[in-house]
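Trainee: My request is simple: use the sequences and hints to build the entire structure.
The residues making up each chain are set out below.
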Amino acid sequence: MIKIYIYVLFFVPLLFSCKKEAVKDAPKTVTSVKSYSYKELKPMLERQDGKTYVINFWATWCAPCVKELPAFEKLNKEYAAKNVEVILVSLDFPKQVEKRLLPFINKKNLQSKVILLDDVNEDAWIKEIDSAWSGAIPATLIYSSKGRKFYEQSFDYELLETELKTLL
Amino acid sequence: MNFKKTILLLLIAATTAAFSTKLIKGYKVGDTIEDFKLKNIDNEMVSLSDYTDAKGFVIIFTCNKCPYSVANEDRIIALDKKYSPLGFPVIAINPNDPKASRGDSFKDMKVRASEKGFTFPYLFDEGQKVYPKFGATKTPHVYIVSKKTMKVEYIGAIDNSSRNPGKVTEKYVEDVLDALLAGKKPIKTETRAIGCSIKVIK
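Each protein sequence line maps, in turn, to chains D and V. Residue numbers for the first sequence, in the working numbering: 1 to 168. Residue numbers for the second sequence, in the working numbering: 1001 to 1202.
In case anyone wonders, no lab produced these hints; they're calculated from the structure. Using N, Cα and C, we set each Cβ at its ideal position, and we do this for glycine too. Where hints are given, some of them may not hold.
Derived DMTMM-like pairs (lysine to aspartate or glutamate); straight-line CA-CA distance at most 25 Å [claimed, not checked]:
1) D:Lys42 x V:Glu1190
2) V:Lys1133 x D:Asp130
3) V:Lys1188 x D:Glu152
4) D:Lys127 x V:Glu1126
5) D:Lys127 x V:Asp1175
6) V:Lys1171 x D:Glu128
7) V:Lys1167 x D:Glu40
8) V:Lys1028 x D:Asp130
9) V:Lys1167 x D:Glu98
10) V:Lys1065 x D:Asp156
11) V:Lys1167 x D:Asp130
12) V:Lys1188 x D:Glu98
13) D:Lys95 x V:Asp1074
With the Cβ distance kept under 10 Å, some of the chain V side facing chain D (calculated, not the full set) [said to hold, decoys possible]:
14) Ser1101
15) Thr1137
16) Ile1194
17) Gly1195
A short list of chain V residues far from chain D (calculated; beta carbon distances all over 10 Å) [stated by the list, open to error]:
18) Pro1085
19) Gly1117
20) Phe1124
21) Lys1133
22) Gly1156
23) Ala1157
24) Lys1184
25) Arg1192
26) Ser1197
27) Ile1198
Mentor: This is how it looks when you write it as structure tokens:
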């Protein structure tokens, strides 16, 4: 019964969205970003589905984050067929989603999945995401069935690819 | 044991030591800090030893532009207003290299401090010599020091909701200061919060 329910949940929206997607060629405008509490985000940081996940913690106001975004976008594109998914976890201020985050996503035409982490209890979740993370951004988590690595640093494409390869 | 083996072992020991010291950067809670001498926005040099009557210090690495710093400015001012008269003044230090962070020059610091009406010194970490000693990694980053032995009592965030002051349920810094003023041991001595990485020219 649950299975059927899941199928329905999955496919019914597809029925509605298929037509739209097929017609549209131009880059679509993103009009919302889903907001997560840490509890909701956590499963995305420990999936065991054979994929390799590159989770980047960033914000539109963080200059080094913005600078390294193209590397993550490129990685997402180049490695999509190799079972790699990039998720950009924004730490923008919840009040500025409409004013800053959405326009930024559209202006840069970001293709990687963008979500917002809005959870006040930073002390708890920063330590839980990685015991060595001081809380500075940019920060990146790469994980797969092969392991889990956390980086409180900036990346260029080359370095990011090198690190990704150690977990492919 | 032959000579070669000894050399090899020494090498291994040296590399391990090098790596492990790399991991332990900066002051930890319980460490004794060194004094510093940095230029304040009024062009006067400031050292902790200037504060003869203080019981300790709330040293906060912060800057002009980082939104997390800006979001905490009013809270920093409130901390100074409340705790400076009680013997724990705020000492703010901007750790960014202005060449790597537009808007963080000494001149910009003066402007920001006067705009916000900072009641505390706002020091420029010229040459970025002080923040690495503390092991600060971001702005804002708070270090509470008690004066008798210049001991680090607390490292971390101001409270548990940096992005939204309306949602604060735990005031870490105030709790530590209240404990110290009451002659008690602070309970929570290390917390974390999101912040902007300290800007360095690479």
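Trainee: Could you tell me which of the numbered hints above are not met by this structure, giving the numbers in increasing order?
Mentor: Numbers 4, 12, 22, 23, 25, 26, 27, in rising order.
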